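Residue numbers (full-length UniProt numbering), protein chains in the order written: chain E, 1 to 139; chain S, 1 to 61.
Read the hints as simulated data drawn from the structure, not as lab findings. As the structure is a computational prediction, the values presented were derived from the model and not from experiment. Beta carbons are placed, not taken as given, at the ideal position from N, Cα and C, and that holds for glycine. Some clues are possibly wrong.
What the hints assert, rightly or not - Quick partial rundown of chain S residues pointing at chain E, CB under 8 Å, derived from the structure:
#1 1
#2 3
#3 11
#4 42
#5 51
#6 56
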Amino acid sequence: MKRNVFVENMHIINISDGSACICGKSEDLHAYTQALAVQRQVPVFYEDEGRFEDYPIFTRDIPKLPDSSDVDMDVIQEHNLIRVNRVDVLSVASASTVQIGTTEQLELEARVKAIRHFITDQPKALERYKGIIILPYPD
Amino acid sequence: MKLTVINKELHVGSIRVTAVSSSSVLLIGDTKIINSSSIYDTPSESLLVSPLVPLASGSAP
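Only chain E is shown next, with the shape it has when bound in the complex:
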């Protein structure tokens, strides 16, 4: 299956966390990402904080569909040009893809653990602080 791609304009602000943008043909695409999303009442974070192994969400099995299917697909190519005038995307994130063209197989997996942390000994000075503080991990 061969299809030519003609793209006039494409605007993407951000591609991150194992994502991709492809114009044209690809065969097999595997994207994987894991993330700990920590929100704190006080915006203080530590370098090298968090350990994926501590949370079962990053290791548990995801049920998989069987590879084979009983659908016999036949594709007839009457016109092999894909013409795109304009695509605007603000953000492509967490093992996602934007593709214009042909691909065989896409395998995408994202695992995100959200943690909300309320602080009981909130320092007075930080109560109205709007920035982010990153500290070295305490010994």
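Chain E is already provided as a structure; the job is to place chain S on it using the hints.
Okay, now just chain S, sitting in the frame of chain E:
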């Protein structure tokens, strides 16, 4: 089951998307297999109420 697909002329005018996220796909074209999975976990035990102590440190270089 037999499925016949006829690819005719494909002409896209304009697409505006805010975000494609958590193993999602925006595809203008064709594919055979898409296997997309996403686990998002925010259970009650992920709500912490404690003094300001960091999470256990990781193995980042």
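What are the numbers of the hints the structure violates, in ascending order?
-> Result: no hint breaks.
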